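Asker: Using the sequences and the hints, build the whole thing.
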Amino acid sequence: MTRSNKENYSSGSWYPSELELARQKIRSQQAKKRIVIATLSSVFVLGSLVIFVISSPGWELFKQTYLDIDYGLEVLPIVARGITTNIRLTIIASILITILALLLALARTSKAAALTPFRILATVYVDVFRGVPLLLVILLVGFGIPALGIKGLTGNVLILGTIAVVLTYSAYVAEVFRSGILSIHPSQRAAARSLGLTQAQAMRYVILPQAVKRVIPPLLNDLVALIKDTGLVSILGVIDAVRAAQIQTSKTFNYTPYLVAAILFLMITIPLTRFTDRALQKSIAEQNSQGTT
Amino acid sequence: MKPVLFVQKVRKSFGENVVLGEVSIEVPEHSATVLIGASGSGKSTLLRCINLLEQIDDGAIYLDQEEITSPLVDVDKARMRMGIVFQSFNLFPHMRVIDNITLAPIKVHKIKKEQAREEAKILLDKFGLLDKAEEFPDRLSGGQQQRVAIIRSIATHPRALLLDEITSALDPVLVNEVLESIKELKKEGMTMIIATHEMSFARLVADEVCFLEKGSIAERGSAAQVLENPQDSRTKEFLRRVIAK
Chain A
4 MTRSNKENYS SGSWYPSELE LARQKIRSQQ AKKRIVIATL SSVFVLGSLV IFVISSPGWE
64 LFKQTYLDID YGLEVLPIVA RGITTNIRLT IIASILITIL ALLLALARTS KAAALTPFRI
124 LATVYVDVFR GVPLLLVILL VGFGIPALGI KGLTGNVLIL GTIAVVLTYS AYVAEVFRSG
184 ILSIHPSQRA AARSLGLTQA QAMRYVILPQ AVKRVIPPLL NDLVALIKDT GLVSILGVID
244 AVRAAQIQTS KTFNYTPYLV AAILFLMITI PLTRFTDRAL QKSIAEQNSQ GTT
Chain B
45 MKPVLFVQKV RKSFGENVVL GEVSIEVPEH SATVLIGASG SGKSTLLRCI NLLEQIDDGA
105 IYLDQEEITS PLVDVDKARM RMGIVFQSFN LFPHMRVIDN ITLAPIKVHK IKKEQAREEA
165 KILLDKFGLL DKAEEFPDRL SGGQQQRVAI IRSIATHPRA LLLDEITSAL DPVLVNEVLE
225 SIKELKKEGM TMIIATHEMS FARLVADEVC FLEKGSIAER GSAAQVLENP QDSRTKEFLR
285 RVIAK
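Chain order of the listed sequences is A and B. When you read off a place in the first sequence, starting at 1, and then add 3, the result is the number in my numbering. When you read off a place in the second sequence, starting at 1, and then add 44, the result is the number in my numbering.
No lab work stands behind these hints, which were simulated from the structure alone. Predicted model only: the values in this text are computed from it and were never measured. All C-beta atoms in this analysis are idealised placements derived from N, C-alpha and C, irrespective of residue type, glycine included. Any given hint could turn out to be false.
[What the hints assert, rightly or not] Under 10 Å between C-beta atoms, here's a sample of chain B residues computed to sit facing chain A: (1) K121; (2) A122; (3) R123; (4) R125; (5) M126; (6) S132; (7) H138; (8) M139; (9) L147; (10) K151; (11) V152; (12) R196.
[Said to hold, decoys possible] As a list, the in silico SDA-like pairs of lysine to any residue whose alpha-carbon atoms are at most 20 Å apart: (13) B/K154 x A/R207; (14) B/K121 x A/R192; (15) A/K216 x B/E179; (16) B/K227 x B/E252; (17) B/K156 x A/T201; (18) B/K151 x A/M206; (19) A/K216 x B/P137; (20) B/K170 x B/E228; (21) A/K114 x B/L96; (22) B/K46 x B/S266; (23) B/K121 x A/T201; (24) B/K280 x B/A246; (25) A/K216 x A/M206; (26) B/K154 x A/Q204; (27) B/K121 x A/Q191; (28) A/K114 x B/Q99; (29) B/K154 x A/A203; (30) A/K114 x B/P115; (31) A/K216 x B/F180; (32) B/K156 x A/K114; (33) B/K156 x B/L167; (34) A/K216 x B/R183; (35) B/K157 x A/R207; (36) A/K114 x B/V117; (37) B/K170 x B/H201; (38) B/K157 x A/T201; (39) A/K285 x B/H138; (40) A/K114 x B/K121.
Answerer: Okay, here's the thing in structure tokens:
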């Protein structure tokens with residue numbers, strides 16, 4: 004709209020009427036007024052929040068134990084090395100989760116008689132691992148599996164932690180995939196089947212590609228949650244960002260390392276959440292445009 | 045001549061609701077049978093039963109003398125020999141036009157990709173859509189989408205084509221381009237069953253017209269007989285209402 008107006012201006016074929024000029028003047032006045040109000044209210048609310056915190060009785064002590072910038076810079080390399088563990092764990096786990104979750108979702112949505120035991124197993128699996136807190140799964144796997152005495156699995160807490168995270172998250176992600184599969188209109192399956200495609204071919208070439216595309220925003224959401232939850236494996240003794248910060252803190256009883264770890268997590272998660280928002284908006288726009296044709 | 049499609053005393057009900065009661069149709073090779081009747085008269089259900097998308101309650105359906113409603117028949121193999129076009133197009137939105145058309149030839153009929161694309165392009169050209177080959181379906185008008193759906197269903201060289209009110213979801217100005225495509229197919233000798241509300245179109249392509257009323261065929265005959273000179277009072281009433289519209 005606005006562009007075509009500008010083009011008309013430059014082409015000289017149309018000049019706004021007195022009435023339109025008067026309206027534009029009022030609109031620009033209204034816009035200015037809105038900016039003034041937004042600024043004043045932001046300064047007032049945020050300013051009083053800052054004053055409230057700073058004037059609290061423990062502020063000086065809080066500043067010393069949480070906001071020691073020199074100490075923060077000193078521990079930064081150590082905590083940063085810890086967060087590479089979180090990143091590695093996230094990358095490996097997200098690949099395994101995607102594969103396992105896809106298999107679970109396909110097992111749960113399949114109707115083939117031969118797959119009945121897998122359908123039952125997948126349903127039980129999803130129910131169990133969605134219902135148990137991740138921390139408990141990490142503890143059970145971390146201390147339970149070594150008791151089995153299987154070679155190579157006894158000592159490595161990082162592998163055990165990864166297994167625990169994969170077990171829980173694949174249950175969640177499987178449900179995301181399944182809801183995507185179920186959201187594809189039955190007429191798509193009918194069209195595919197009427198062309199002679201088998202159930203499996205209809206799933207592989209017609210339903211799954213559309214379903215996966217549709218669930219990308221919620222999957223990115225789960226990825227953000229996964230990055231944060233990798234911090235929980237520190238309870239097994241894995242030296243990740245959380246554990247590294249904890250070790251530094253216990254040496255000095257200064258809590259700044261925790262804040263450093265939090266900032267490092269935010270540096271990864273905030274860009275990702277922005278990206279997720281964009282992907283979601285794009286996906287909604289696409290689905291709306293499909294609805295109109 | 046032996047019929048390509050033979051529907052024998054087919055019954056179908058959804059719960060208490062009897063949608064088809066003992067419907068029989070014979071479609072000889074190269075001929076077109078047109079189903080007319082009000083919405084809910086069973087036209088779509090009959091086509092879905094023939095395409096084995098619905099399981100019939102009784103009777104039998106034969107394709108080239110083979111009973112395809114037998115539980116021993118491989119449903120996928122039977123469907124490979126029929127094409128169906130739906131009211132709502134049902135193109136695959138994530139695939140380009142050409143990939144929509146070549147999916148079944150490549151994956152089901154095991155034709156080489158290059159050859160399938162060549163054949164698809166010949167069909168697209170014939171229907172005036174060659175320049176849309178690489179577009180996604182949502183970039184096309186409704187009439188263009190429906191013509192792509194028609195091409196998709198004939199790309200596998202079906203023995204019979206089922207058309208389920210293929211112009212009902214289209215703007216009046218787009219209806220003609222779709223109907224022209226069907227007339228072309230009829231000229232080439234495609235065996236068809238057509239459910240439609242377009243009476244003038246029915247008159248042009250039908251070798252036989254069947255008027256369905258509450259799941260049974262109330263009147264059947266040539267287009268001239270049924271549409272110009274109906275005998276059954278229900279057919280007369282239906283045609284009067286359609287023409288008044």
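Asker: Hint by hint, say whether it matches the structure.
Answerer: Evaluated hints:
1. K121: holds, 8 Å
2. A122: Holds, because the Cβ-Cβ distance from B/A122 to chain A comes to roughly 9 Å (cut-off 10 Å).
3. R123: Hint on B/R123: holds, closest Cβ of chain A at ~5 Å, below 10 Å.
4. R125: holds, 8 Å
5. M126: holds, 8 Å
6. S132: holds, 6 Å
7. H138: Because about 5 Å separates B/H138 from the closest Cβ in chain A, which is inside the 10 Å limit, the hint holds.
8. M139: With Cβ-Cβ at 8 Å, under 10 Å, it holds.
9. L147: holds, 6 Å
10. K151: Status holds, d = 6 Å.
11. V152: holds, 4 Å
12. R196: Status holds, d = 7 Å.
13. B/K154 x A/R207: holds, 16 Å
14. B/K121 x A/R192: holds, 16 Å
15. A/K216 x B/E179: Cα-Cα ~19 Å, so holds.
16. B/K227 x B/E252: holds, 15 Å
17. B/K156 x A/T201: With Cα atoms ~19 Å apart, B/K156 and A/T201 stay inside 20 Å; holds.
18. B/K151 x A/M206: Status holds; Cα separation ~13 Å.
19. A/K216 x B/P137: Given pair A/K216, B/P137 holds - Cα atoms ~11 Å apart, limit 20 Å.
20. B/K170 x B/E228: Holds - the C-alpha atoms of B/E228 and B/K170 are around 10 Å apart, at most 20 Å.
21. A/K114 x B/L96: holds, 17 Å
22. B/K46 x B/S266: holds, 19 Å
23. B/K121 x A/T201: holds, 9 Å
24. B/K280 x B/A246: With Cα atoms ~16 Å apart, B/K280 and B/A246 stay inside 20 Å; holds.
25. A/K216 x A/M206: Satisfied, since the Cα-Cα distance of roughly 14 Å is no more than 20 Å.
26. B/K154 x A/Q204: Holds. B/K154 to A/Q204 sits at ~13 Å (cutoff 20 Å).
27. B/K121 x A/Q191: Cα-Cα ~19 Å, so holds.
28. A/K114 x B/Q99: Given that 20 Å is the threshold and the Cα spacing comes to 17 Å, the pair holds.
29. B/K154 x A/A203: holds, 16 Å
30. A/K114 x B/P115: Holds, at about 17 Å.
31. A/K216 x B/F180: This hinted pair holds, its Cα atoms lying about 15 Å apart.
32. B/K156 x A/K114: violated, 30 Å
33. B/K156 x B/L167: holds, 17 Å
34. A/K216 x B/R183: With Cα atoms ~19 Å apart, A/K216 and B/R183 stay inside 20 Å; holds.
35. B/K157 x A/R207: holds, 18 Å
36. A/K114 x B/V117: holds, 19 Å
37. B/K170 x B/H201: holds, 15 Å
38. B/K157 x A/T201: holds, 19 Å
39. A/K285 x B/H138: The given pair, whose Cα atoms are some 15 Å apart, holds under the 20 Å limit.
40. A/K114 x B/K121: holds, 19 Å
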